[in-house]
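Q: Listed below are the residues making up each chain.
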Amino acid sequence: MLAVVLSVAGALTLSGCAAGAGDDADDADGPVVLAAASAEPALERLAADPDVADGVSAMTPEYAGTSTLVSQIESGRSFDVVVSASRRHMTRLQDGGHVGDGPLPVATNRLVLAVPAENPGEIESFADFADRSAELTTAICAPQVPCGMLAETLSEELALDLHADTEETSVASVLSKVSLGEVDAGLVYRTDAAAASEDVRALEVPEHDGGTNQMWAGLSAAPTRPQAAEQLLGELASGGGRAAFEEAGFLPPPAAESDDGADS
Amino acid sequence: MASRSPRLRSRPAIPVLPPALGVLALLGAALLVGPVVALVLQADLLAVPDLLGGDRARDALVLSLWTAGVSTLICLLLGVPLGLLLGRGRSPLLRWLRPLVLLPLVLPPVVAGVALLAAFGRAGILGGTLELLGLQITFTSAAVVLAQSFVALPFMVLSVESAVQGVAREYEEAAATMGAGPLATLWWVVLPLIRPALTAGVVLVFARCLGEFGATLAFAGSAPGITRTAPVQIYLLQQSDPRAAAALATVMIAAALVVVALVHGPARGWFRPRG
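Line by line, the protein sequences give chains A and C. Per this note's numbering: the first sequence = residues 6 to 269. Per this note's numbering: the second sequence = residues 1085 to 1359.
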């Protein structure tokens, strides 16, 4: 008995050290889409749209934090289309030869200050939060993930010390800390706050430089279903995709020619 | 050479394992050892000193070490009595208690974190009471210790329980006849007899605490120097700087290896009762 427990212990000790790369997708017909978690409401809308081509509605999306997806792809995960929550991560995939030429901006996202519906910190506005940030319990994303890059920029541009009590590994875990009422406030994407509007209230963040992340979609350099993948990328960047993203609360992408990585 | 001994030569040659099973055994060993070796090979070992000089990695390691130390003390303090109770108790209620106590062993750590939030979180069952007392546990190092203790305590309980079941009651009866009270009997008779299990339990609990990840992330959060333990730091580095992640992971592997080698390695005889 003890021997079994001891071996389990050894395994558990090491298990914390390795973030696993996922398996390849199964043999479904549609293109394999690896998408930022924040894209989920938009992509689900698009897939359910009766007007889109069969290849688009048949896509098999998988959602995770953009940084997680990037490290999976860099570890050799195969895919057809990738949707990144930041231009910087898409550039990294392009530089690494994982994404071919011509990724396109598909939407714009920005942060809001989310507070729990019961508002334990009695925060009435962003200015109110800024005044009392030292005494409030706050969650933000770690600077390694796209939403954390935005939070860092916000802190610099507005010259505001956020006094974060925790830097979470994804926007989803910031949102869950807010929804559970474990923190007084958290910085999340406006689309995430919109999707959780029953549990959280969204307070607008003042406009500032670098306050938006562009969501980009790109084709794999070695797609397994090239035709369907191109069809999907076209759809994402045009009418149907635009509408789906806007219904999910995204802002329109910048004009395609502004290719300057303004989200850093 | 042992084979030159006439006594051994007269034995029929029975292999340790049927050859087919030997292949499987080697495969199993390769599965366990391969990934760890690969990680160490891939890590930039020369970068390890630089990395450990960096604030983030050093803070994470220091935090991991001291929280794991405190958690181990807590597990010792609570786990030994609980193990004795389960090992020696006769009440049928204990049959129901045992699986509940061991549950954290098989729970996914994230579930453990969510359960801890439900109990000690601000919105949890004890949250209101704690808030009245001016105590906040989530997002503090206390939450890290609590998460580690929750997942590691069953190891101590199991070690003590199975060891104490192997101790004949005659020793304690003899001590009692000679006038020793229950506490003196425990301290001078029972604990020395189960010392190997206690040592093994301490080492394993410490190792499990050092490796804790899921429950910490869900319950304690991730603030540098306060709740961001080495495994959480590795997870974050993995997404931005995989080589640095591999270097820090190598340090963790070295620590885990020392711990496991203490209990299972060539020196394990130290933990066996002497005489």
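One or more hints might be untrue.
To be verified - Okay, the calculated beta carbon distance ranges per label pair:
| no. | chain 1 | residue 1 | chain 2 | residue 2 | range |
| --- | --- | --- | --- | --- | --- |
| 1 | A | Gly-81 | C | Ala-1114 | 54 to 64 Å |
| 2 | A | Ala-139 | C | Ala-1264 | 55 to 65 Å |
| 3 | C | Gly-1106 | A | His-168 | 23 to 33 Å |
| 4 | C | Arg-1142 | A | Ala-132 | 56 to 66 Å |
Stated by the list, open to error - These stretches of chain A come out as covered by chain C in the derived footprint (C-beta under 8 Å, 3 or more residues):
| no. | segment |
| --- | --- |
| 5 | 72–83 |
| 6 | 144–157 |
| 7 | 165–178 |
Source of the hints: derived by calculation from the structure; they are not laboratory data. We treat Cβ as the ideally placed atom computed from N, Cα and C, and that holds for glycine.
Q: Indicate, hint by hint, whether the structure satisfies it.
A: Evaluation of the provided hints:
For A/Gly-81 and C/Ala-1114, the hinted distance range of 54 to 64 Å is not satisfied, since their beta carbons lie about 21 Å from each other. In this structure the hint that A/Ala-139 and C/Ala-1264 lie 55 to 65 Å apart at CB holds, the actual value being about 57 Å. The hinted window of 23 to 33 Å between C/Gly-1106 and A/His-168 is violated, with their beta carbons roughly 60 Å apart. At about 37 Å, the beta-carbon gap between C/Arg-1142 and A/Ala-132 misses the expected band of 56 to 66 Å.
Residue count for the segment 72–83 of chain A with a Cβ under 8 Å from a Cβ of chain C: 5. That meets the three needed, and the coverage hint holds. Check result for the segment 144–157 of chain A against chain C: holds, 4 residues qualifying (beta carbon to beta carbon below 8 Å, three or more required). Remark: the segment 165–178 of chain A is confirmed as covered by chain C, as 7 of its residues place a Cβ nearer than 8 Å to a Cβ of that chain, reaching the required three.
Hint compliance for this structure: hints 1, 3, 4 are broken, all remaining hints hold.
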